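Visitor: Residue numbers (our numbering), protein chains in the order written: chain A, 3 to 380; chain B, 1243 to 1635.
No wet-lab data here; the hints were simulated from the structure. A quick note: this is a predicted structure, and the numbers were derived from the prediction, not measured. Glycine included, each C-beta is placed from N, C-alpha and C at the ideal position.
Heads up, incomplete: computed chain B residues facing chain A, CB under 8 Å, no partners named:
1) Gly1252
2) Leu1260
3) Arg1285
4) Ser1289
5) Leu1318
6) Thr1323
7) Val1329
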Amino acid sequence: MPTRTAHDDFANRLATAYGEMLDGVRPALQRVSLRVTGEGRQCELEVKNRQTGVLDYWRVSKLRIVPDQATSDALVLARQEGDPARLIIRDRDTARAVLAACPRIAQLGAARGAWPKIIGLGAAALAAIVAILFLLVPAMADRGAQLVPPEVEVALGADARTRTIAALGATECKGAEGERAIRRMTDRLSVGLDLPYPLTVRVVDDPMVNAFAFAGGHIAIFRGLIDTAETPDEVAAVLAHEIGHVVHRDATRSGLRMVGSFGIAGLIFGDVLGTSGAAGLGERYLRTSYSREAEVAADAFAHRQMERAGLDPGALASFFLRLQAESGQGEAGVLRHFSTHPELLDRVEAVHAAGSGPGMGRAALSTQDWQALRAICR
Amino acid sequence: MSDLKTDFAGDRGDLFSLALRTGVLTVLTLGLYRFWQTTRLRRWYWSAVRPGGVALEYTGTPHEKLMGFLVAVLVLAAYLTLVNLAVMFVAIRLSAGVPDLMTYAVGAAPVALLPIIFLARYRARRYVLSRSTWLGIRFGMDPGAWGYAWRACMYWLLTVVSLGLFWPLKTFQLEKYLTDRSWYGNARFIQLGSGLTLYPLALPFFLGLWGSIAVLVQTGLSGEGTWAWYLFLTVPLALLGGVYFRVASVRAMAGLKELGDGMEFDLAPRTRVLLRIHILGNLLSGVLVSFVSPVILGLVVGALYFTGQVSSDTIFNPPPNLAAVVAVLTWLTVFVLFGVFRQVFVVFPTVRHIAETLVVGEPSLLQGIRQRSRDAGRDAGGFSEALDVGAAF
Chain A
3 MPTRTAHDDF
13 ANRLATAYGE
23 MLDGVRPALQ
33 RVSLRVTGEG
43 RQCELEVKNR
53 QTGVLDYWRV
63 SKLRIVPDQA
73 TSDALVLARQ
83 EGDPARLIIR
93 DRDTARAVLA
103 ACPRIAQLGA
113 ARGAWPKIIG
123 LGAAALAAIV
133 AILFLLVPAM
143 ADRGAQLVPP
153 EVEVALGADA
163 RTRTIAALGA
173 TECKGAEGER
183 AIRRMTDRLS
193 VGLDLPYPLT
203 VRVVDDPMVN
213 AFAFAGGHIA
223 IFRGLIDTAE
233 TPDEVAAVLA
243 HEIGHVVHRD
253 ATRSGLRMVG
263 SFGIAGLIFG
273 DVLGTSGAAG
283 LGERYLRTSY
293 SREAEVAADA
303 FAHRQMERAG
313 LDPGALASFF
323 LRLQAESGQG
333 EAGVLRHFST
343 HPELLDRVEA
353 VHAAGSGPGM
363 GRAALSTQDW
373 QALRAICR
Chain B
1243 MSDLKTDFAG
1253 DRGDLFSLAL
1263 RTGVLTVLTL
1273 GLYRFWQTTR
1283 LRRWYWSAVR
1293 PGGVALEYTG
1303 TPHEKLMGFL
1313 VAVLVLAAYL
1323 TLVNLAVMFV
1333 AIRLSAGVPD
1343 LMTYAVGAAP
1353 VALLPIIFLA
1363 RYRARRYVLS
1373 RSTWLGIRFG
1383 MDPGAWGYAW
1393 RACMYWLLTV
1403 VSLGLFWPLK
1413 TFQLEKYLTD
1423 RSWYGNARFI
1433 QLGSGLTLYP
1443 LALPFFLGLW
1453 GSIAVLVQTG
1463 LSGEGTWAWY
1473 LFLTVPLALL
1483 GGVYFRVASV
1493 RAMAGLKELG
1503 DGMEFDLAPR
1513 TRVLLRIHIL
1523 GNLLSGVLVS
1533 FVSPVILGLV
1543 VGALYFTGQV
1553 SSDTIFNPPP
1563 NLAAVVAVLT
1573 WLTVFVLFGV
1583 FRQVFVVFPT
1593 VRHIAETLVV
1603 GEPSLLQGIR
1613 QRSRDAGRDA
1623 GGFSEALDVG
1633 AAF
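Model the full assembly from the supplied sequences, consistent with the hints where possible.
Guide: Listed below in structure tokens is the structure:
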């Protein structure tokens, strides 16, 4: 029996088997001599105080090695998990003999039964954060948006609009004929709407193919979008989509959602202020998931409103599809939300297939107004 | 019995290998292993510090840290949600006057976190003490995190409003608050001295700070740019004076601590040494990272090339997805290596320098000390982990 031999070896070395003991009661090192008694599961380490002769028995199956020591000049053993008593063996031969006599001593600090708790707590923390970010905060933001007075929203939107345009280094186009044309288009698209503030639609002199809706009815359409559109209906469809954002108060709601979710996603990464890469990605994912929902709703609104205004509701779809075919890969402006949300494309295609043949009604603008709108920035 | 001197026994090579292994595992597990990393590094450092030749021991476990972190995430998520919703409501109400919703929000939430950060610091210190032993006897700390948090907030406010005048008082009072609640076994630590103790040490800092302010005011009043040249003198004086004060105050307060019936301490870190360690160590870490990272990435790409996994065309014209993967790998490599080098060249020499200056006086009084019971330490420093206000390890 191999253990038997090991014990015999150890017994033979008894004369040199010395160590130091900390009893976990007093702050003092006690010189002790060591001996292994018993066999198998009953195997014990006899620890004898060399001054007082007091005997102590440490069960070998409960011994633990204290890991991650800075130097290997001593073997440190704990009497058992959670016990402050320690045996320090500085003599190499003794250490080797103890390890040979008592093979497979586990490391200290391996907490049994901790994992089910950890998994439970982890699931609870994750569920709480998901519930807060995707149920509670959106619901509170929706309620909160209704409490914001309309004149505050108008002021907020005007401020955001000026700042966004200034940040792009662009200006608003002031062609009088063109402004009248966009006014007429807006009026036609707001049929049947009851908004607490007027729609303020501006064309921005910038080649980007894009449009923005700010809080309080402020909408910016970029010149690049008007240049790219082949018919006034295509511009009208995008405008209807942006009016959808205004009707749903998306700008105000998304602002409130950002306030409501501040720092919560970052907690998981140990980084509330979101300065690390991982936390930043989390924040971005959150923003995208909030806006995805808003885009789908605005598309649905645009479809309804185009129909109500007697315009071709398929114009939005055909415009987007054409843009996508032309540029190949959607990278900028309105195209971006298709590249990030491919499911919208399916929707658009469905609308397109359901169809909207020719002769749905007259075009969104007269030929004269359409020319004026295209020339608004000149 | 003569005073006990402190040895530091540990080798940079061993630490390097421990820091590298745990760093790689932390990245591979998306950060989950960091609780094990912290635990193992602490165990290593504690076992290297040996007052009177007997090593300290760190008895914390990674499992309790992970659980404490998860509890802290739950509590903080609830707290932040409440604060955010309150801010949202106030912003809506107030925005009738000032239409800037986001400014409120961005400012209010971090301010609401401040007391929680102090709370987290106290609890983290309490946890670390409760998991430290020397000669088999546990250290410990009484509860008192809330008292610490509001005092810290008040002293901070006073310090900022008084342009730094209350900094020495704040440093002393907060350290006294912590010390007077700390225990070794059944013996209590006491911080002697008074709020005025540290003022002489802050003179260079005050001179530098108030000199800078005076120069700025004079420049503004006279409109003459030439005055601004004095900033080259006063700003470095303020910075160096600030560092000197921090080190010297630790030294002064350590000398004025007592344990139990009169055990004394002496801690004598030198500002000059610590400054050199931090400047050279960080510099060296940065330089090493910028040399080693490209070599590692080059070896990886080279190995893939020679084993035929990738062609030269892919290397010089990588598809966007691959480029993104390589960018992430580069970032992770730099992140891990910088952490490892910082451990070896900054944290290690700092701990060694401070440890080697520790002297324990009147050690015969240890005889009267007995064990204290184990502190459950339920959150195990989780709040400081979730808020990222932890120390170097």
